[in-house]
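A.B. asks: The residues making up each chain are set out below.
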Amino acid sequence: MKPPSRAALARSYRVERVFTVLVGLAALLLGAAALVVGAGWLGTFRAARPVLDPIAVDTLRAWELPARIAAVVLGLLALVAGVLLAVRTLRRERHPDLALDRTAGKRLLVTSGAIAEAIAADAERVAGVSRAKATVVGDAATPALRLSLWLRYGARVKDVWQEVDTAVLRRARESLGVETMPTAVRIELGAQEKQRVR
Amino acid sequence: MRVLVRILTLLLGLALAGVGALLAVEVAWTWARPVQGPLLVPWPQWRDRLAELTWQSGSVRLVAAAVAVAGLLLLLFAATARRKDVALLDPGPGITVRTSPRSLARIVGARVRAEENVAAASVTATPKRVRVRAVSGLETEAHLRPRLLDVVAATLADLPLTRKPKVSVVVDSPKDRS
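As given, the protein sequences belong to chains R and X, one line each in that order. Residue numbers for the first sequence follow our numbering, so the first one is 1 and each next one is one higher. Residue numbers for the second sequence follow our numbering, so the first one is 1 and each next one is one higher.
Simulated from the structure, these hints should not be mistaken for lab results. Possibly wrong hints are sitting among the right ones.
Said to hold, decoys possible - A partial selection of chain R residues facing chain X, derived with a Cβ cut-off under 8 Å: (1) T20; (2) L77; (3) A86; (4) D165.
Ideal Cβ positions, reconstructed from N, Cα and C, are used throughout, including at glycine.
Chain R on its own, in the form it takes in the complex:
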């Protein structure tokens, strides 16, 4: 299990990558197997057989009912899996709001945008930081912070880092009243000053 601060670094692409690898592997193996059969390496007799083998067709005919049920179930499973996968890739990354008080009647919710803006504005005040962007990621039970910092050229990373940890993040934790806030910091070094178009 990855620590939450590491998981907050970037949106996870594990499911997408694993799926792409599985499809790629299946396509590669099937294509290679068909080529091997066609080249006659598994016997010249087999290579001359039709692709839709009469033996296979006869077997399917003999087991007609189970084959039909299996085909329908397989089709429905593929439909559900494909739709779930497509929905997953299209879903936006979650930015949970923080519930500071859950007691009925006086619920207090801080929206993810408000937290992010406050922390980013605070981080931009640190010497050497030219731009900062914060986002709240993860789920509502275990929210985490992703903080991107663009440092000016010549800024000392160790100093910036120290101040972000002791000042910015501590203030954020205190004002939100949480003990810990898993944080992923992405640093861009030697960034150009932001040019405003007038």
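Model the placement of chain X on the given structure of chain R, informed by the hints.
C.D. replies: Just chain X now, with coordinates in the frame of chain R:
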């Protein structure tokens, strides 16, 4: 490449859903009304065509090769879709700090170009290795190279990197050619 893998997953997911739906619908339709013929896909024609083709026929081999190549490409895309962040030391528990290889290359490049007698420099950086290629019109490689190695090492030492990348410096100078 990460976006590409996401788009590919979307397309493959939609294709899987479509093929699954067609399979279920066609099988159920033929089961319920065996005499009326196919509903959406002309599968009896496909079946007859597949029964004619043998594994040796050119079109079968062509399709098999295309499928294998497509699979190889998918594997390649998936393999290149990983992040290549440079890890920095964590300042405290529960905090993870990363930077990009491009950042590393940018600051090393700026420091190298600021050195005397360096006309141009290009830097490529990965978490494991920093490669510098400098052009100098006035100094030979034997003179400039040790100095540049020191500069790059000092620049990297300033950063709280978890692992020091290996540094390689190449100087391209016309003085070495004469």
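A.B. asks: All hints, please: hold or fail.
C.D. replies: These are the hints, each one checked on the structure:
1. Hint status for R:T20 relative to chain X: holds, with the closest Cβ pair at about 4 Å, below 8 Å.
2. This hint holds: R:L77 has a C-beta 7 Å from the nearest C-beta of chain X, less than the 8 Å allowed.
3. The criterion of a C-beta within 8 Å of any C-beta in chain X is met by R:A86, whose closest approach is roughly 4 Å, and the hint holds.
4. For R:D165, the interface hint holds, since its Cβ comes within 8 Å of a Cβ in chain X; the closest pair sits about 4 Å apart.
Comparing the model with each numbered hint stated earlier shows that all of them hold.
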